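Below, each chain spelled out in residue letters.
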Amino acid sequence: MQYETVIGLEVHVQLDINTKAFCGCSIEFGKPANTQVCPICLGLPGVLPVLNEKFLQYAMRAALALNCTVANFLKFDRKHYYYPDLPKNYQISQYDKPLAANGHLQIKIETGQKKIRILRVHMEEDAGKLIHTKDASLVDLNRTGTPLIEIVSQPDISSAAEAYTYLTRLKSILEYLEISDCDMEKGSLRCDANISLRPQGHTTLGTKAEVKNMNSFKGVRDALNYEIIRQEKTLREGGTIIQETRLWNEEKQKTFSMRSKEEAHDYRYIPDPDLVPFVIEKEAIEKARRELPELPQAKKERLIKDYSLSDYDAGILSADKQLAIYFEDAAQNYKQPKIICNWLMSDIMSYLNTNNIPIKKLKEVLPIDKLVAMLKLIDNNTISGKIAKQVLPEMLKTGKDTSVIIKEKNLSQITDAGVIESVINEVINENEKVVEEVKSGKDKALMFLVGQVMKKTRGKANPRMVNSLIKKKLEV
Amino acid sequence: MAINKDTIKYVAKLSRIELEESTLEDFTSQIGRILTYIEKLNQLDTENTVPTSHAVELKNVFRKDENTPSLENQAALSNAPEQENGHFKVPKII
Ligand SMILES: [Zn+2]
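Protein sequences appear in the order of chains A and B.
Going by the numbering used here, the residue at position 39 of the first sequence is 39; the numbering climbs one at a time, nothing skipped.
Going by the numbering used here, the residue at position 84 of the second sequence is 560; the numbering climbs one at a time, nothing skipped.
Distance condition first, Cα-Cα at most 27 Å in a straight line; then the derived BS3-like pairs of lysine-lysine:
#, chain 1, residue 1, chain 2, residue 2
1, B, Lys-489, A, Lys-129
2, B, Lys-535, A, Lys-88
3, A, Lys-79, B, Lys-540
4, A, Lys-218, A, Lys-108
5, A, Lys-212, B, Lys-565
6, A, Lys-108, A, Lys-360
7, B, Lys-540, A, Lys-75
8, B, Lys-568, A, Lys-212
9, A, Lys-97, B, Lys-535
10, A, Lys-88, B, Lys-565
11, A, Lys-282, B, Lys-540
12, A, Lys-31, B, Lys-540
13, B, Lys-485, A, Lys-79
14, A, Lys-79, B, Lys-535
15, B, Lys-565, A, Lys-129
16, A, Lys-88, B, Lys-540
17, A, Lys-88, B, Lys-489
18, A, Lys-88, B, Lys-568
19, A, Lys-129, B, Lys-568
20, B, Lys-535, A, Lys-282
21, B, Lys-568, A, Lys-186
22, A, Lys-386, A, Lys-409
23, A, Lys-129, B, Lys-540
24, A, Lys-79, B, Lys-481
25, A, Lys-31, B, Lys-565
26, A, Lys-287, B, Lys-535
27, A, Lys-254, B, Lys-568
28, B, Lys-485, A, Lys-88
29, B, Lys-535, A, Lys-75
30, B, Lys-565, A, Lys-79
31, A, Lys-97, B, Lys-540
32, B, Lys-540, A, Lys-186
33, A, Lys-134, B, Lys-565
34, A, Lys-31, B, Lys-568
35, A, Lys-88, A, Lys-134
36, A, Lys-389, A, Lys-409
37, A, Lys-254, A, Lys-218
38, A, Lys-186, B, Lys-565
If you're looking for bench data, these hints aren't it; they were derived computationally from the structure.
Computed from a predicted model, the values in this text were never measured in an experiment.
Looking at chain B on its own, in the form it has when it is part of the complex (with noise of 0.2 Å):
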């Protein structure tokens, strides 16, 4: 399947990925390709198979509405770069 470079930009901001320019070129036919490979599911006839939303065969598990223990306010916070007052801290956004 042919994809253009532009899908290619819209995916990356979307993921929140910069790209230079030369890997655009690069991904794109890249991914091109790994599509095209995909692409060969659909010579598959699917007429007579049911939608499927899961690949593993189980349905209805639940948990009891029962509390289990949380994190440390500080093992929650370990991997931030920056934090304040027990808040994750991050670039203003508003």
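Here chain A stands alone, though its shape is the one from the complex (with noise of 0.2 Å):
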């Protein structure tokens, strides 16, 4: 029997505004414990907290960009639970009246394109963060009452790989949102994924686990496709799959259950009565759907439009909105678009992969004015291309000019005829055999000289002109 996974993904996105969801206070990341708290978000007696507005917009915007339906209706409710980290005991969340619901998110997949549908939109705050010491758990509440919306997914996602291809996709366009920072690292991006297997072709769902702690969309990917042999295992040996939490150890590429002692959840959800409600007239709506920015999919067709690069170019370009920044920054000063798309996606990348530069560094370490001038030395045959690629690695790392390294490390190509030709002399004499090859007509012995002569100018020749120069001299 061949078994189908099933997977939903709920994602925590942490929201890129200044201050926490019903408190003014700050949320900015790395300061010393609980010196961002006050009554409100340390849940004393008898506060009121009042909805931050670009809570509200911003979370709009993620919930449009992701196809939903934006509620005219909205409010907010309590879900109770005991844990240290939750000052009130509470956390504000929404139940019954999400912000929205009913999107969904296009995603490539091997054979084309495939729908996750959105379940729901929904805005809650943050709880605080535990550290376990040996024999305590210590609490800071910086974090308590940060903004977050939540993103579920319908289960439509029938493998690790298209997890993957999900998160990466909707962290692209909260990107272009301009309305998180998407850092897992620093946790405002948050995924936790329950997955299940069927025996395919069936329609009920089977027993799900829910996997947490995932720290890397690599993580995720890891985490599920682990989950898939556990449970496909579990099956084949007649067992059954538990429904519980489970946590992916990175260290070990497992996951463990957490078994807990506490009982099932009664989260005892009821309207916060601290917060009124919230109508959202349609002109509000449809004025933030105007107000989008040009999204991912959007960009990449305008980028085959406009620049006629091709569908995997402009599918690479456009899914970092800074890259395909820079890319059309770099387009407006330099008129060979597919060139510059072909030094990004090669060198510069690579560059930057290896270095691990964020592409948000790419305009400091690289001005586009720079990258410009070396194309242009390039055209006017100053340096090879060749040269160049040995030339751009330098100017990244020090922030150089072109035209400066290739004086420093005596670059410049070479034109003079005259020195071009006594180098091929030396050549022809040392390979007599290949020279009597090149005359009966073999194209690729020519190609062995070419490549001799530009060795022994270390790449500095013209490469054309060697061509050319070879050719005369032996009248072929």
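Two chains, two frames, some hints: make the complex.
This is how it looks when you write it as structure tokens:
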């Protein structure tokens, strides 16, 4: 029997605004413990939370970009549970009147496009942070009350790879919206996964496990791949899957049951009497929709249309907003977009990846005018493309101009026919047999001689000149 | 409305309250009576009443995304039975 995998993802996204959801404390990351707290987020008696208007605006932007229907009426509810990171003993969240529902996200899979439906997008506040020492737990409430949106997908995801693609796409959209830095390491994007297996073709869902504690997209993919194997093995051996929460252990590359002593959750949702309801007029929703920026898919289509890029190139460039902006800025100053694209996708990206430089820093390490200056030096034969490949990492590393580096390292292209001819003579004398082959019309042999000349000039000779001068000399 | 002892036990547990067996009996009958009293509301005809989620007739109350001063760390911790390095210290929970 074949099994198929059913995955639904719950993604929590911290919104990049100044203050908490219901009070004026800062949400800046990395401050000393319990210095960004006030009576409201500490849950002291008698205080009144008031909704941050930007929280709603940002959340609405996300919901619209995910093709959701934004509700006209929304309210906040209290979700009760006891845990030391939750000083009020309830979390302000949304239960039966969420901000938005019924959206979808398109992802690219091997066989084409796939639509992953979004069940709902709701607003809630974050809990605090716990640090566990040998004999105690320490509570930092700086994060308590941080504005989050929770994006819940339908169980439409069929593999760990699809889950990875979904997250990448979601992150890309959120970055285009400029509402979150989506940094999983800082906890501004968190993902929990519900995963179950069922016999291929069945329509009822199998028993699911909820997997938590992944701190990268790769972690999500690895955890899901592990779960698929674990659940399939259990089922094949005639066992049953227990509905439970499992924690991903990155180091051991395994999930472990979070055996909890606590009883089944009973959240006792009630409308929060401290917060009034919210009515969003249709016009406000339409206005927000009109003000959405160009999103990755639209950007991709436009890159193909405006710059004649391939679907593949445009897909990669548009996946990251900063990269797309960089490309378009460069294309304003250098009219061969395909060449810019090639440099970005090969040498520049590989340098950034190897050196762990985020794309948003690209403008700093390689200002556009420096890149353009380098491309022009290739065009006017000052350097060859090959030399440029050597110079570029140096430029990225030191911030120096191309012209400075080629001067320092004596890398200017040799375009003096006399100099090239003398090297050609050397090469011809050293390779009599190959010369005969060239004369008998073997292209490969000619390429070999060109290569030898390039080698002797350490790549500095103009390859086109070398080619034509050898041909002239050997009269072929 | 009749309410049984198990429900009271469960509610007490959810509220992290320990009840003696004897008080359990008292609470069961007292809370039962309170619920019976509140049940009177069910006699109202609410056929044409829109559900309310709030007692006050206000909506769309917002604040601007502007910082207001937070408490000093020691002020925030002033009610904490125990603290360590600026943190609230609680019994180990993992
Ligand atoms: Zn606060």
